[in-house]
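A.B. asks: With the hints as extra help, turn the sequences into a complete structure.
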Amino acid sequence: MVVFSLKIKYLYELIFHMISMFKFTLPFLFISCFSFSQVPTASFSALPTTACIGAATVFTNTSNGGTAPLSYLWNFGDTTFSTLTSPTHTFTSAGTFNVTLLTTSANGLTASASQQIIIQDVPNPTFVAPISSNCAPASININNTTPSVAGSSYLWNFGNGSTSILENPPAQTYNTNGSFTVSLTITTSAGCSGSTSIPNFITISNVAPSFSADFEGGCSPLIVQFSDQSVSPSTTNLITNWQWNFGNGQVFNGQNPPAQLYTTLGFYNVSLSVTTQSGCSGTTVLDSFITVGQINSMNFTVDSPINCIKTDVEFTPTVVVSPANPSAPITYFWDFNDGSLSTDTIQNPTYQFESDSGYFDVMLVVEYLGCKDTLVMNDMVYINAPIAFFDLDTNLICNPNPLVSAIWPAVAIVSDTSVHGLLSDNVQMIWQWGDGSPNTVLNDAELDDANLGSTTHSYTNYGTYEIQQVINNLTTGCSDTSKQFFYVSRITSDFSFPNDTICQGVEIQLSDSSSSWSSHSIDSWAYNMGNQEFVNNGPNPTYSYPAPGNFAITLVASNDVGCSASFTQFIRVLAPPFAVISTPAADEGGCSPHLVTFLNLTVQPPTYNPMNHFDWSFSDGSPGITTLPVPITVPATPQTSIQHTFNGEGVYVATLTAYNDFGCSSFSTKEIILTKPIAFFTLDNIVCNGEVLNTDNLSVGVSPVNYQWY
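Take 66 as the starting number for the sequence shown in this note's numbering and just add one per residue.
Treat the hints as calculated values from the structure; they're not laboratory data.
Any given hint might turn out to be false.
[As the list claims (entries may be wrong)] Just the calculated beta-carbon pair ranges, DEER-fashion:
no.	residue 1	residue 2	range
1	Gln773	Pro658	19 to 29 angstroms
2	Gly570	Ser523	50 to 60 angstroms
3	Thr415	Pro264	49 to 59 angstroms
4	Ser523	Thr383	55 to 65 angstroms
5	Gln574	Ser420	17 to 27 angstroms
6	Ser561	Ser657	32 to 42 angstroms
7	Thr250	Ala159	49 to 59 angstroms
8	Ser136	Gln773	33 to 43 angstroms
9	Ala194	Gln290	37 to 47 angstroms
10	Thr301	Thr114	43 to 53 angstroms
Glycine included, each C-beta is placed from N, C-alpha and C at the ideal position.
C.D. replies: Printed below as a string of structure tokens:
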């Protein structure tokens, strides 16, 4: 056996010389080579050796021997490494991991130790119940569907006062109605624990008998069709028997009974009893569910059959019903047929006719115990004229100018569409203009011409005016009034911004200075930015243009009565320089220190927007550099390039920011990768002559990595 070492030459010669000098006679010659360089011993402990995902495992390094100082490389078996003496590691997936510690002495001798760490998943308990609802007492099977893990413990809580520690528990009995929460907690041998709790997993309820009818009341004779609405406790415990009692002397056994006839006035109790296949039963009784009534007679009167419009008219009904029952209400429905869709449901209504004059039919519908009857009184009420109503040619005049006679003063044109009365009636119309000016009074003769009561009125001030039309019919003694608002308003649109030339992407502040007549406030600002985009979020918005160009910004300001005005200003948006940073391909990565040549390939801007300077910055904390632009002699004149040396390891970023004379800027970045591979391998410390030397390459580095063995 030969032990390889760098320090064995002289000891080997000494032993060979001693053997030659004493002339030993040996059946074979055994020559050993000895090394006095101590090989380190690698060892460690782990706590715990079986753990859960996400739990930390503490590794304690107990290596010794070898020439100090010792260095360490941990391979956790999950593609992660550490060079700490005693690291703490968290495994993020389940499995069995072979953790290896490689200990290296100062003179390069190595030793390794390995240990398996078992990482377990946190359990996710699942369970099902083939039947989860029934009537009490119910025996329910709950099945564990969680994948089985050896060494796990189980704790069930069934919500019925019972628990179990079995993986597959026995059937559970539920003796009371209600909803029950079932939970299962599973704990693995490593202490990994998971719980699942399902509220209302088990529902225990009695069978729920229920039914409905197409008619619950009506006049005699009444035919009623009943429908079963009962609910079984579960799909596996269905209702199999139905017993009906209809209160009219008839009973039926089955789910779908025949129609029932009720001829006698009165109240009928109806009951339904049901039974399931397991024997669950229930009964429901609806008292006075079916009612049979009769309206013997009905009539109604009005306090005054002739009235003016918009005056109270009172109606009084007289209704006789059977069977008499103070607790059974009579319901009323009135329709006054005046075209206004107005109805009433009280017994003695008071109503105003507002939409027309002349005769009106009145209808009353009465219902008692489901029995209905209708009475219509034709031409019961007569409404006398007048009925005031008028139209405005427009109710809004915007921005009339007192300096332009063609549009000042503002004129309200009113068209009379009212009903005056009979041609022989003596009628007077009064227009009140709401501006303090005298009323316009039209007598009967003036109202009989072609214009009726139509007229005009001029307003010499901005404002909100209520125009009232008052009509007095001196023959009928009735009067009526109609009102509308008329607006004369003024608004101007104006806005400003700090600079008429800005950079693309830079936010601009728009400041509104629009004005409106004091009583009509501005409530809308719509900016058209000139690029098919609109800004409607208040008077003073901000905006940034996504593209360069010349744009017309238009503000449309509107006030609360509907007047609007627009104002336009122009703005120039400049494109920023197009910064481009590059490097030769060979400079994009290397070992520290690494010299990189950076190329400034920034695109030259138009001549009206010249470059000003370039700022260079580096993520390694070194001072930045400012360079000036090279004068453009030909269209593709290159800019100044620079060099920078990076030290260390990692990814470094160089940033080039280009500025023009208006301050517009853009930037470009370039990543430089500096790597330092860690060479590491293990081998057998002792190998016999002629045997193969096996090594494990545990080096770490950023691909591509080249290896040289010697």
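A.B. asks: Looking only at beta-carbon atoms, does the pair Gln773, Pro658 fall within the given range of 19 to 29 angstroms?
C.D. replies: holds (22 angstroms)
A.B. asks: Taking the beta carbons of Ser561 and Ser657, is their distance inside 32 to 42 angstroms?
C.D. replies: Distance hint for Ser561, Ser657 is violated at roughly 56 angstroms.
A.B. asks: Using the C-beta atoms of Gly570 and Ser523, is the stated range 50 to 60 angstroms upheld?
C.D. replies: holds (54 angstroms)
A.B. asks: Okay, Ser523 versus Thr383 on CB: inside 55 to 65 angstroms?
C.D. replies: holds (58 angstroms)
A.B. asks: Does the Cβ distance between Thr301 and Thr114 fall inside 43 to 53 angstroms?
C.D. replies: holds (49 angstroms)
A.B. asks: Within 17 to 27 angstroms or not, the Cβ separation of Gln574 and Ser420?
C.D. replies: Given a distance of about 55 angstroms, which is not inside 17 to 27 angstroms, the answer is violated.
A.B. asks: Quick check: does the Cβ-Cβ distance between Thr250 and Ala159 fall within 49 to 59 angstroms?
C.D. replies: violated (19 angstroms)
A.B. asks: Does 49 to 59 angstroms hold as the CB distance between Thr415 and Pro264, or does it fail?
C.D. replies: At roughly 56 angstroms between Cβ atoms, Pro264 and Thr415 fall inside 49 to 59 angstroms, so the hint holds.
A.B. asks: Is it true that the C-beta distance of Ser136 to Gln773 lies inside 33 to 43 angstroms, as the hint says?
C.D. replies: violated (21 angstroms)
A.B. asks: May I ask you to test the hint 37 to 47 angstroms on the CB atoms belonging to Ala194 and Gln290?
C.D. replies: holds (39 angstroms)
The structure does not agree with the numbered hints 5, 6, 7 and 8 stated previously, though it agrees with the rest.
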